[in-house]
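**Q** Starting from the known structure of chain X, fit chains W and G onto it as the hints suggest.
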Amino acid sequence: MAELAQLIDSEVFLAYATYTTIVVLKMMLMSVVTAFYRMTRKAFANPEDASTHGKGENAKKYLRTDPDVERARRVHLNDLENIVPFVIIGLLYALSGPDLFTALLHFRIFVGSRVFHTISYLVPLPQPSRGMSWLVGYAVTISMAYRLLSMSLHL
Amino acid sequence: MAELAQLIDSEVFLAYATYTTIVVLKMMLMSVVTAFYRMTRKAFANPEDASTHGKGENAKKYLRTDPDVERARRVHLNDLENIVPFVIIGLLYALSGPDLFTALLHFRIFVGSRVFHTISYLVPLPQPSRGMSWLVGYAVTISMAYRLLSMSLHL
Amino acid sequence: MAELAQLIDSEVFLAYATYTTIVVLKMMLMSVVTAFYRMTRKAFANPEDASTHGKGENAKKYLRTDPDVERARRVHLNDLENIVPFVIIGLLYALSGPDLFTALLHFRIFVGSRVFHTISYLVPLPQPSRGMSWLVGYAVTISMAYRLLSMSLHL
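First to last, the sequence lines map onto chains X, W and G.
For the first sequence, the numbering used here gives the first residue as 1, with consecutive numbering after it.
For the second sequence, the numbering used here gives the first residue as 1001, with consecutive numbering after it.
For the third sequence, the numbering used here gives the first residue as 2001, with consecutive numbering after it.
These aren't lab readings, by the way, just hints derived from the structure by calculation.
Possibly wrong hints are sitting among the right ones.
[Unchecked claim] Listed below are the simulated DSBU-like cross-link pairs for lysine-lysine, each with C-alpha atoms no more than 30 Å apart in a straight line:
id, chain 1, residue 1, chain 2, residue 2
1, X, 42, X, 55
2, W, 1055, W, 1042
3, G, 2060, X, 61
4, G, 2055, G, 2042
5, G, 2026, W, 1060
6, X, 60, G, 2060
7, X, 61, X, 42
8, X, 26, W, 1026
9, W, 1061, X, 60
10, X, 61, G, 2026
11, W, 1060, G, 2055
12, W, 1042, G, 2060
13, W, 1060, X, 61
14, X, 60, G, 2055
15, X, 42, W, 1060
16, W, 1026, X, 42
17, G, 2061, X, 60
18, G, 2060, W, 1061
19, X, 60, W, 1055
20, W, 1042, G, 2026
21, W, 1060, W, 1042
22, G, 2026, X, 26
23, G, 2042, X, 61
24, W, 1042, W, 1061
25, G, 2026, W, 1026
Here chain X stands alone, though its shape is the one from the complex (with noise of 0.2 Å):
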């Protein structure tokens, strides 16, 4: 990353590049597991694509919910919800100036709870597993942006 070094010289934006770049793929993943389960269970939500599995009213009986994809698509949403914000929050973070243990801290805590949180979610696992572990990735978000709004407002 030449240009990057130069333009921003901070081990700190290179490590929330990385782990934004891990825990945004982590994100993407869910489509995959979603068209899976859609596949695997014949589940889906437009008539194209339940054709493709069956004509006529065999086709029809293929537009449906199954507990697998619903699932599957409440875990995306979550992550869509929570990680979208920390990679917002976490961008202005590393451009504020932490130093570099506090910040490896806040994005290893963060990638973690979220690849937990997905695993208790899809098993799934019994709660609070899954409640603890959007706890611990909010709370990060959080403390981030407390050390931003408490370093300066700019109102």
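**A** Relative to chain X, chains W and G alone:
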């Protein structure tokens, strides 16, 4: 924000960072609102969540939708659909060198419109309160996008 | 973009800003499409919206789902799931110093694939039109993420 001030020595960028952090925190608050309604209304989407509030058949009856929960979820999704574009377009806009007064006007109107949108959605206030607040926020993002595209097109 | 050009003097970044603005505007357009279908099909999610089209029992019957509205909402959610990762990974990619030709190829193919995705979803075109256009956009984001992770890992 010592380092950030050196990297991007711009009042506009600091204002962007402040308003973005506030509006993303507002979006994240919707997770708490939804969880609050799910627990007080006892309306869950997952069997493992419902079973923390009852056993066997008793748990099954909590696997249901509730109008307040669905309303909170719609606010959250609407936030994702509108706040995320603001954050993305706003970042590019803040880097494009607008004057501070104009930029602050955009950021303040947007954040105000989204706070009012959430209130008018959750109360709910009669239409067109929510519709108008949505439109104002939408127009702010379009205005910033227009400036970006009219200043430079690198296709 | 005087200041931006000084801050980040990069053709690649300006191209990123242009294509991102276009594809985010395309995503925002889905709000208008959904609102259009809701009003022409008279299918609303909120009682306060339905009551602008009728009184009492008449309003209640407009509280319903409609296939065209649901289709537009699925396009919008699919955009969020795919365009937001492109914008995030694309920003880091644009800052990582790729050559202009390769970067433009990524940005153009992605934006083209998403425009075609929306058309093939809304018409709808028979599968695998939509599936293929989704896959092309997905592959572009994976390709940029692969470059980022292979160039530097700061774990």
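**Q** Check each numbered hint against the structure and report the violated ones by number, ascending.
**A** 5, 10, 11, 14, 16, 19 and 20
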